[in-house]
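Student: One letter stands for each residue in the lines below.
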Amino acid sequence: MAAGLAHRMKLATEQSGGVLTLRLQGDWTIAQAAEIERELQSATPSGGQVRIDCSELKSLDLAAAWLIRRHLQAFEEQGAKVEFQGQRPSHFKFIEEMKEESGEEKPAATPANEPLRSAMISVGKFWVEQNERLRSALEFYGRVMLHTLTAFSSIKRLRLASVARQVYETGVQAIPIVALIAFLITLVIAYIGAQQLEDFGAEIYTVDLVTVGVLREMGVLLTAIIVAGRSGSAFAAEIGVMKLNDEVDALKSIGMNPYEVLVVPRVLGLVIALPLLTILADAMGLAGGALLCSLLLDISYPQFIARVQDALAPTTFWAGFIKAPAFAVLIAMTGTYRGMQVRDSSRELGRLTTVAVVQSIFLVIFANAIFAIIYLQIKF
Amino acid sequence: MSDNTPIISIRGVVNRFGSQVIHDGVDLDVRAGEVMGIVGGSGSGKSVLLRTMLGLQRPKSGTVSMEGRDITAMSEKDLMHVKQRYGVTFQHGALFTALTVAENVQLPMREHFHLEDALLKTLTELRLRMVGLPVEAGEKLPSQLSGGMIKRAGLARALALDPKILFLDEPTSGLDPISAAAFDKLVLYLQKSLKLTIVMITHDLDTIMATCDRVAVLVDKKMVVDTLEKIVQNPHPWIQEYFHGPRARAAQA
Numbered sequence: 096m097a098a099g100l101a102h103r104m105k106l107a108t109e110q111s112g113g114v115l116t117l118r119l120q121g122d123w124t125i126a127q128a129a130e131i132e133r134e135l136q137s138a139t140p141s142g143g144q145v146r147i148d149c150s151e152l153k154s155l156d157l158a159a160a161w162l163i164r165r166h167l168q169a170f171e172e173q174g175a176k177v178e179f180q181g182q183r184p185s186h187f188k189f190i191e192e193m194k195e196e197s198g199e200e201k202p203a204a205t206p207a208n209e210p211l212r213s214a215m216i217s218v219g220k221f222w223v224e225q226n227e228r229l230r231s232a233l234e235f236y237g238r239v240m241l242h243t244l245t246a247f248s249s250i251k252r253l254r255l256a257s258v259a260r261q262v263y264e265t266g267v268q269a270i271p272i273v274a275l276i277a278f279l280i281t282l283v284i285a286y287i288g289a290q291q292l293e294d295f296g297a298e299i300y301t302v303d304l305v306t307v308g309v310l311r312e313m314g315v316l317l318t319a320i321i322v323a324g325r326s327g328s329a330f331a332a333e334i335g336v337m338k339l340n341d342e343v344d345a346l347k348s349i350g351m352n353p354y355e356v357l358v359v360p361r362v363l364g365l366v367i368a369l370p371l372l373t374i375l376a377d378a379m380g381l382a383g384g385a386l387l388c389s390l391l392l393d394i395s396y397p398q399f400i401a402r403v404q405d406a407l408a409p410t411t412f413w414a415g416f417i418k419a420p421a422f423a424v425l426i427a428m429t430g431t432y433r434g435m436q437v438r439d440s441s442r443e444l445g446r447l448t449t450v451a452v453v454q455s456i457f458l459v460i461f462a463n464a465i466f467a468i469i470y471l472q473i474k475f
Numbered sequence: 005m006s007d008n009t010p011i012i013s014i015r016g017v018v019n020r021f022g023s024q025v026i027h028d029g030v031d032l033d034v035r036a037g038e039v040m041g042i043v044g045g046s047g048s049g050k051s052v053l054l055r056t057m058l059g060l061q062r063p064k065s066g067t068v069s070m071e072g073r074d075i076t077a078m079s080e081k082d083l084m085h086v087k088q089r090y091g092v093t094f095q096h097g098a099l100f101t102a103l104t105v106a107e108n109v110q111l112p113m114r115e116h117f118h119l120e121d122a123l124l125k126t127l128t129e130l131r132l133r134m135v136g137l138p139v140e141a142g143e144k145l146p147s148q149l150s151g152g153m154i155k156r157a158g159l160a161r162a163l164a165l166d167p168k169i170l171f172l173d174e175p176t177s178g179l180d181p182i183s184a185a186a187f188d189k190l191v192l193y194l195q196k197s198l199k200l201t202i203v204m205i206t207h208d209l210d211t212i213m214a215t216c217d218r219v220a221v222l223v224d225k226k227m228v229v230d231t232l233e234k235i236v237q238n239p240h241p242w243i244q245e246y247f248h249g250p251r252a253r254a255a256q257a
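Chains X and F, in that order, give the protein sequences. One gets our numbering by counting positions in the first sequence from 1 and adding 95 to each. One gets our numbering by counting positions in the second sequence from 1 and adding 4 to each.
Same shape as in the complex, but just chain X:
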């Protein structure tokens, strides 16, 4: 019905000698549901009889009929007698039939509130859930390790095409962003370093700061965090959607192992891609340092390179580089594990993708701290 043709709903009540007459006027549809409910609540029968007059009703839909009927039922429960004046709209018959079909609804019994019991239940639930979680995580990591080992037993099970695609998607496609961020961040670090060291007349040490900082820590850490954001989320979302579409079950039914097909290529792909990206980030970081030093401190490029070689210990590059495969394993495992956990709903998919990213970034930073402690202990 066009808006211009709408008739306002109105309830005219008329009390005469124990008989309450309710005249329904205008449109009684779901669009007026709130008004209908309010009007009906204000009508209370005082006597023994309620009469409903629908002759001035322009339109009635099922929602309105349902609301009216609920009130009429309440009137009846209060002992009033309800009757329709003239024709009863067919919607009421529909509701009667529906009630007959499924029976009157009984409100579900709410369990008694026992605080001690419910506290015990929640504590118990928590521990059981933690236990399950730990077990499923261990099972996942165990399976992935097992399948990685068996993957190397034959070239077919290694699924080189999949691995190559992962290297391309997680590595090659990440080159521009990793290069840009490594360059810009080092620029900032070198700038701050130069400013502080200039006070001591030691600005030449900016080169040392950049070299050691980038190669040992910043290069690999930045790369890992970018990759965790890019690929950790992609892994979780890709596998999660496959879970939602039953594609993982389809794989199993064909006799393919989802760990071998979906998880291992992603882990291996990232273990190859992340170290390569790290080298790129290291190079771009040094380039950023060199640019800033030449612009701000008048250190020419040959001078910069010579100074870098002085600053480098034999282990500087390797101390950063060997962290890359470890971070790759953490990111890939977290992403694929969360993806495999997706079931039932799109909300789960979003939640677990977020968890995958947050957790893999946390794990990378945590692992980096552990590496730092180990390096300190073994004086690497």
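Just so you know, not all the hints are guaranteed correct.
Claimed, not checked - Okay, derived cross-link-like pairs now, EDC-like style, lysine to aspartate or glutamate, Cα gap no bigger than 16 Å in a straight line:
(1) F:K199 x F:E38
(2) F:K81 x F:E115
(3) F:K226 x F:D31
(4) F:K189 x F:D217
(5) F:K189 x X:E192
(6) F:K226 x F:D28
(7) F:K196 x X:E192
(8) F:K64 x F:D31
(9) F:K125 x F:E143
(10) X:K176 x X:D148
(11) F:K144 x X:E196
(12) F:K125 x F:E140
(13) F:K189 x X:E196
(14) X:K194 x F:E38
(15) F:K125 x X:E132
(16) F:K225 x F:D28
(17) X:K105 x X:E171
The hints are simulated quantities; they were obtained by calculation from the structure and are not laboratory data.
Here the structure of chain X is known, so what remains is to put chain F in place on it, guided by the hints.
Tutor: Using the frame of chain X, we list chain F on its own:
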């Protein structure tokens, strides 16, 4: 509105994707209060036609009128009002998986009207019981429902705004014959009681026999419309194959 005025009227609709012509001048009138079945081979453009009727997709040319108003030349805002007048169920339910069944049913009501929670709950109970779902099912997530219950929950959501027109896309696909028959019965019962106009896309011959007043067949990018008794005599080879093939004979037996 007299019985002869079409509630939906499609005239000369042309749909084209690139060089691929899907519809080449489709005409169809749906009368108020009838059940119209749309059949056609896979890829004949049934779903595209449905999307055109729903106003989700504008045809390259031609008009689609709903209750006398051309929806192809309508502003988004006017189209919103038309959309409140019809309900749709989708082939795979298209329930929002992140919401419970009750929240799914409440969503259109929440979006279009300002209703209090208690009122929403009451109306949700009505919708669930209309389609024969127990009220407890409202608390469940779509993933916890069986196929038949998903179809019913989808129907409950489609009926949430008390529409005059109901579009059903493959309402019985994926259901066992007993559930499918029960669903047909439910649809027919709702249609008779609430005087709904129903347009359904279906492949299920049993459903067509049980529910449809008239049948529209999409063949050769055009529409052939007739009553069930007459359309089975149409000489078009696809229609003959469809209504008289081995599967059809089994359904009629």
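Student: Does K81 (chain F) pair with E115 (chain F) here, judged by a C-alpha cut-off of 16 Å?
Tutor: holds, 14 Å
Student: Just to be careful, I want the Cα atoms of K196 (chain F) and E192 (chain X) compared with a cutoff of 16 Å; is the pair within it?
Tutor: holds, 13 Å
Student: K225 (chain F) and D28 (chain F): Cα distance at most 16 Å?
Tutor: holds, 5 Å
Student: Given the hint that K125 (chain F) pairs with E140 (chain F), test it: the Cα-Cα distance must not exceed 16 Å.
Tutor: OK: K125 (chain F) and E140 (chain F) at ~12 Å, within 16 Å.
Student: Holds or violated: are the alpha carbons of K64 (chain F) and D31 (chain F) at most 16 Å from each other?
Tutor: holds, 14 Å
Student: Between K226 (chain F) and D28 (chain F), does the CA-CA distance stay at or below 16 Å?
Tutor: OK: K226 (chain F) and D28 (chain F) at ~6 Å, within 16 Å.
Student: Check the hint pairing K144 (chain F) with E196 (chain X) against an upper bound of 16 Å on the C-alpha distance.
Tutor: Between K144 (chain F) and E196 (chain X) the Cα gap is close to 22 Å, so the pair fails against 16 Å, i.e. violated.
Student: Check whether the Cα positions of K189 (chain F) and D217 (chain F) lie no farther apart than 16 Å.
Tutor: holds, 14 Å
Student: Is K125 (chain F) close enough to E143 (chain F), meaning Cα to Cα at most 16 Å?
Tutor: holds, 11 Å
Student: Would you check the hint for K189 (chain F) and E192 (chain X), treating anything up to 16 Å between C-alpha atoms as holding?
Tutor: holds, 14 Å
Student: Against the 16 Å threshold, does the CA-CA distance of K199 (chain F) and E38 (chain F) hold or violate the hint?
Tutor: holds, 9 Å
Student: Between K226 (chain F) and D31 (chain F), does the CA-CA distance stay at or below 16 Å?
Tutor: Holds - the C-alpha atoms of D31 (chain F) and K226 (chain F) are around 8 Å apart, at most 16 Å.
Comparing the model with each earlier hint shows violations of hints 11, 14, 17; every other hint is respected.
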